[in-house]
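Two chains, two frames, a set of hints: combine them into the complex.
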Amino acid sequence: MSSGAPPASGPGRAAVLSPARGDGLLPGTSAALPPVEPVDMELLANLPTMSWRARYLMDGYLTGEHRSPRKGYSVEFAEYRAYQQGDELRRVDWRLFGRSDRLYLKRYEEQTQLKAHLVLDVSTSMSYASRPGILTKLDYARMVLASLALIMKRDGDPFGLALAGEGLEDYLRPRCSAGHLHNVFGMLDRVPLGRPTRMGEALFKLAALLNRRSLVIIAGDFYEEASTLIPALRRLRHDRHEVVALQVLDPAEVDFDLDVAGRFIDLETGVAMPLQSTAARKRYLEQFRAFLAETEETFREHGADYFLLRTDESPIHALAGYFAKREAVA
Amino acid sequence: MNWLFPAFLSGAGLVALPVVLHLLRRRPQQEVIFPSLRFLGPEAVRETRRHRLRRWITLVLRCLIIALLAAAFARPFWRSAALPGSSAVVVAIDNSYSMQASGRWEATKSWISGQLAPLTSGDQAAILLMHPSPRWLVPMTDNIARVRETLADLQPGYHATKYDPALRFSSRALERVAAERHTVLWAGDDQRLGWAGVNFERGLPPGVKFTTPPPPTAVANQAAITRVAVGSGGSGSTVAVTMRLFAPATSTRTLTVSSAGKVLDTRSVDLRTDQLTTVSVPVPLEGLEYLQVAMNPDELPADDTAYLVVKGGRPLQVLLADEARPQGEADFLAHAMESVRSPLLRPIQASALPDGPWPTEAVAVLRGSAAFQRPGVDRLDEFLAGGGRAWVWVDGGTEQVAWLKRQGVDVEAAGIGEQAGHLRDLDLEHPLFELAGEKGLMGLLAVTFRSPWRLTGADMEPLANWEDGGTAIASVRVGNGAVLLCGFGATRGASTWPLDTSFVPFVHQALLSLSDSRSRGDGWVVGDSLPLPPGSGQWSALDSPRPAEVAEVRAAVAPEAPGVYQFTGAGGTTLFAVNVPTEESDLALWPRPEDVRQLESKEPARSVKAGATAVTPGARDAEQRQKLWWWVVAAVVLFALGELAIANRTAL
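Note that the protein sequences, when read in sequence, are chains A and B.
Position 54 of the first sequence, counted from 1, bears residue number 54 in the numbering used here, the numbering being contiguous throughout.
Position 363 of the second sequence, counted from 1, bears residue number 363 in the numbering used here, the numbering being contiguous throughout.
Calculated from the structure, these hints are not laboratory results.
Among the hints, a few may not be true.
[What the hints assert, rightly or not] Coverage of chain A stretches by chain B, computed from C-beta distances (three or more under 8 Å per stretch; other residues unrestricted):
1. 89-103
2. 260-266
[Stated by the list, open to error] Partial selection, computed: residues in chain B whose CB lies under 10 Å from chain A:
3. 31
4. 34
5. 45
6. 47
7. 49
8. 52
9. 407
The beta carbon of each residue, even a glycine, is placed where N, CA and C say it ideally should be.
Just chain B, same shape as in the assembly (with noise of 0.2 Å):
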């Protein structure tokens, strides 16, 4: 007999309670006087002896009824006997998409069909796929049939590999399984990311057996697209798109931009291996909700193709702090946010900064001294720490400056002396300067900024800086947020700047750069839980080479593959772009396959104990499936109806 929750068999030591009220009970055997017996006669001393037995049934049936409410709750099930030669297996199957690889995921299927081939009757399998996290396709069952069919049907994921979690699940699962062998037969591809980060010191248990695949043939055409960002270029919109060759060393792929099947750009690119390789393909967005942007297919086709959202992300919410500026002169960064009119960026709702909590999805845009004077300052704290994102112009203001003091940032005046300050040293990586292009960016540099303001602080990151090298950009964690500093005014007074045509794309992708960029609707990746705004509505896929069909779904959902989805609620459209997430792209194996033999315990098998606690899938299946704990309720049930009967005519 085993137990679910043995636990609860501690409850049986309660059968002590009603042995000792009996014993206590009990009265000693004395010698009592009687004037005269005739009226009790031997059936009174029939009756004696009865009443005596009635009484130690009634106990035997309170300990039964206490001891089977204990096993009851304890909820029993017979585990099949380890039979002598009895094999429990495990398949846990690589999903990740490197095994869509040519051919590796059915040489895998057929390698387990051969597998699976020799068990029998008494013999158990289950099915775990490994990601995004391990659960049970088929739990522990002696129907192999059933295994065999759910495996022939299996198809391969869009997930990244990581081994361990799998590993060590399905090693422990067996572990609990009353078998003669154990063993976890891990279908993957020896990928070296799956492997990275197993303790290879820490074997599987003792007796549990690690059989891995012949190892995958090298592929010998595989590029990947690493990245697609839309930017400016100089007559219009361009589509970014990095690449990355793994193999052969250089390769010519074609690379084609297109949008709800309409081809928009098509054309060469060379890749040498190991070296990424970013094309800007102008590319008119007018009209377009989304991209795809495709590779021809190589080797292994998942990662040859991204998406991406053109139109239909939700807008960027903007909390715009006023600032005293000389009479007639216009705001020229409301008038920035305002200026969006291109469907290239994402709407940007401006507003004031609220009496009440700011929202954390949104970017906070202060200038000028009320966001950090009371009751303001508070408020951006409990922002920052919310998460919140903020932009701080940096004026030199008192409050400011202790604020930022207070953050780890100083500021002092940049000491270029008379001479206005001039911008270098820009991190072109950073997202910051994405959409600049290169006249945009020759346009910052060439701003001469009145009265700029230098930033020093050790846990800065800085992104651009004055003349003198001090920091002129930067950015800093505060909190769980981040704050993007600018060492100068967005006024007239403060630079030329505003007036130039570099500053309003620049306004924008600093806030998309602030702004959340998956609230964008892209840069997810399948495995990702995708938040869905308020209230429920229609999922649907726009463009996926694995479509699921229209569901109702409310508050979040993980796609299992990529492509262009929309969630069409009460609040409108939202479109979600879901791309393979790219390090997956990278097949090489691990390196010291002796690191994966080890795994495996030279020590032999523990028996499985009885009563061990077994809350694994297998042993929930059989326990349902026996019911065992409602046999013992009802047997309580009769022997309660029972001791009630004879303990009202025991008179205890």
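Only chain A is shown next, with the shape it has when bound in the complex (with noise of 0.2 Å):
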């Protein structure tokens, strides 16, 4: 059980996406996150390639109650009604009028095509595994999108890919296509490593290519001052954009649970410290659990929504959390 989960709070609280925390309610709504299959982590982990775990997990997720991910998005049938005058021949059902004889139309709902926007932190820190059995955060959150994006193929929703390094370090449009699940897989592959993180600059940019309402769903661990985010978040929120944040953190990060004695080097910046892990975690998780109850409340302060994901822990309960978040924008 991870205890660097941040509490509970606020009007749009975090859904806790461990099957062992949190109501199971989707954020903002009454409704039930739908069960899931449990993953197995460690399987998932030594799956040689990226595009196999995304399948495995959206395989995962599927064999559950979700059995029917959204075919089409065009149309949704609501009713018939009696043929008029005018009305065009080609919405009349065919079929219905060989068995009675009756000249009826079918109605359907207007559908309203949601474009996503899957955002993967490439910043260096990202690129930490606490031991040997689990992912890096990278491949955990390259994972996740990569089903997501597998989903949204499936559902027919566009999808784009950007990476948010120093800035938008690259950005593929939304599409819809098999060609284009390629190349974003392609691009979700070829991530460039070693690059500090500037989340709200690369956030920034992303919003000022975004030309209708969409869902960004942002992956990555937010190591940079909170405010930094706020003006991306404001932009996003003012264009009436949704935003699903998943924060992707390695067990030893949340609980800084190890028993060594050494120099301590900070992945990004390469700064070195004399540390006792076992001195220095009290004071480690006083900083640590301050600074994802800060992230959690920008976010939400947003009108984002916030998950919190140990890369040793099933990444299912972030996927229902994006077709509760789906639902709900539809």
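Structure follows, in structure tokens:
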């Protein structure tokens, strides 16, 4: 059980995505998160490529009760009505005419096509894994975003990808085709590493590229001052975009249950510090939890949803959270 | 720092345990990659340094706790360092009664005072009493005034002299005292008896000076009463008093027999040097409890008085085996035991042989065959193994002969032919014949014994023979006990003796001589531990030159002075006569003074080893005064609390 998870607080409270925590409700609704099959994290980590992991994850999710991914988005049948003079004949349900000798038209719900933008934090700190057998934060985040892309492809929702490092490193516009999926996977595979984080700047630039209401899903560790995200979050909110923050963290970062003494080296800055982990733990946890709380608060205050993901726990609830959000937006 | 029990210091080796654990738990320094150290900061570094320091402090505290615990058990104390010119003196006091010879005690005390006069602050002294075994009257102390005061009040004792134990004890004690000079002041009278048995080849430890006073002046007038015993004379009871004259060559002494202050007899006795003189004083014993026999005092008055308990001793318990007798014949032996009415003798309580174990303080009178058949013979063997004493009337019975044979005594009919057997060659020195008196002995010699039995055995002590020279009466040791053998029976069929007037006194005296004479209430000397009847009771002196206060005692008591003492308990009153050990009366000096001088070692003193085992009274005294162990334990407790507090914060 991660001890670093921020407590739920505020009107847009974060849904806890670990099976052992939280009330299992979609944020802002009383709808329960759909139940999902457990995922073997060790198997997941041992799968050779990101696409395999994404498909495994998606299959794991889809073998649950959510059996019927959305097929098509364009129309949704609502009701029949009698044919009237001037109606288009192509909208007549001829099968029904064959059975009933009467002319009826199908009336459809007007669908909203929601574009999704997947944002991946490619800062240096994302390359961390505390022990063998678990994924690095980057691999974990890529896997989650790849799974989401797969699901979106199946549902027919356009999806794009942005890599956030020092700024907006790379960007693929939202589309929904097999080829686009291939491009997205390829971009996820070729993530450039070794850059410091400027997520706020990257998001701000992304916001400028969005021309209609979209769903922005950000996966990263958000290791920067929360205040730097605020301008971007405000812009996104102002433009009526929906934001979902997936904070991906290693269990060692959350619990700091290391028992080592030595030179601790900061991945991002390269600064070294001689430490005894057990001596520093108390102080670290105080600071880290404050950071988590501040991060969550920042997203929440700007109308975003927030999920804390541990790399040693199944991310399927992140997928469930996406679906729930998707339903809410639609 | 010195230690009372330095062996416990080896426990300090356990200090290695926390050190090893500490080293095992240390992890090598390594490089640890971490995503972001922004949540750690300089405070974490400081905490790390503090943590490291706390670990070291915890380790040190744990080591200190273990080391201090070992030190506390070893009982530390500060011994006064050997100050330049400091002295340590043991005054060994000869508290035997020979020191009461005229002028000796005062002269010795005066000499000691002179020897102690130069002692000052920084010096140490002790007083050791030599007898009956060495014991500290004043343990080694720097309080010289206390030593002088104790010496001034000291009185001579009534013990016998034996120098060797005190000699070795005092010198060993001095070895462990931190001082420049170590001296034994030997306050004795150089008595030959005291030095007998000392190994002069084995000198004192190096550096220990042995100082003796000038030899005492010879005593010009010294005699001693060596023994008193009641007997029976022609017309009544007598008291046999044995005396010995040491100086001058001849002397006439006045002998007084009294009881409870009442003089019963006074007479003059001529004594010759180194010759025992025994005088039988007729004394009516009716109504008397004890006797005091005294000579006019000489230069050593302690041995001029002796005490004897006449009545009030413990009854003599006799286990009497039954035997088959011709119908109508009386049991003369039993009648003889029952006939004790005279206060001269101890009452005899005769009973049959018990079914269970025989009490070893009783005398077993065995006749017939029952006692030599199972299970009686097993109990007899146990009885003798436990120190019991038996009287066997030999009748040639098969089991009896077989048992005697197992004890190394062969029995055969005395080959006297048709002639009856008569006794001769009586050992008159043996207590067996003490009560007989001249007339009684003549009567015994005239007795005709039919069916006499000759006793033979290598370990027997013959006490009387038959006419043909074979042993008729003998004593033999069996196990821890003793057996008196009479090669004849006590029936009318065996002889006419039971009808003779010598029979009853002989029976009584035989029983008395077999019984532990000390259980009679006399035979004790100063230095003995007197066993008391069961239960507690009051102990008081009826007559003594140095009576002690009435005291509540139980089990045993060791009087320090001669006299007649009384124990009154639930079972009644028992009297004890305690005399001085007569061997001490010989005041002859040790003939070779050079032997005593060579006791002093020629080697220089060895320095007192630091931490040497020094469980001497002085060391113990110093440790008990200083109580350093208490402070050490207090420090342990403090350190333990500190360790707890710090260890909790190091999360080891």
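Verification of the supplied hints:
Residues of the stretch 89-103 of chain A lying with their CB closer than 8 Å to a CB of chain B number 0, which falls below the three-residue condition for coverage. With 7 residues having a beta carbon nearer than 8 Å to a beta carbon of chain B, the stretch 260-266 of chain A meets the requirement of three or more and the stated coverage holds. Hint status for residue 31(B) relative to chain A: holds, with the closest Cβ pair at about 5 Å, below 10 Å. With its C-beta approaching chain A no nearer than about 5 Å, residue 34(B) sits inside the 10 Å limit, and its interface hint holds.
With 10 Å as the threshold, the beta carbon of residue 45(B) comes within range of chain A, its nearest partner Cβ sitting at about 6 Å, so the hint holds. Because the closest C-beta pair between residue 47(B) and chain A is about 4 Å apart, less than 10 Å, the hint holds. The restraint placing residue 49(B) at the interface with chain A holds, with a minimum CB-CB distance near 8 Å, inside the 10 Å limit. Checking residue 52(B) against chain A by beta carbon gives a least distance of about 7 Å; that is within 10 Å, so the hint holds.
Interface hint status for residue 407(B): violated, as the beta-carbon distance to the closest one in chain A is roughly 84 Å, over 10 Å.
When held up to the earlier numbered hints, the structure conflicts with 1 and 9 and fits the remainder.
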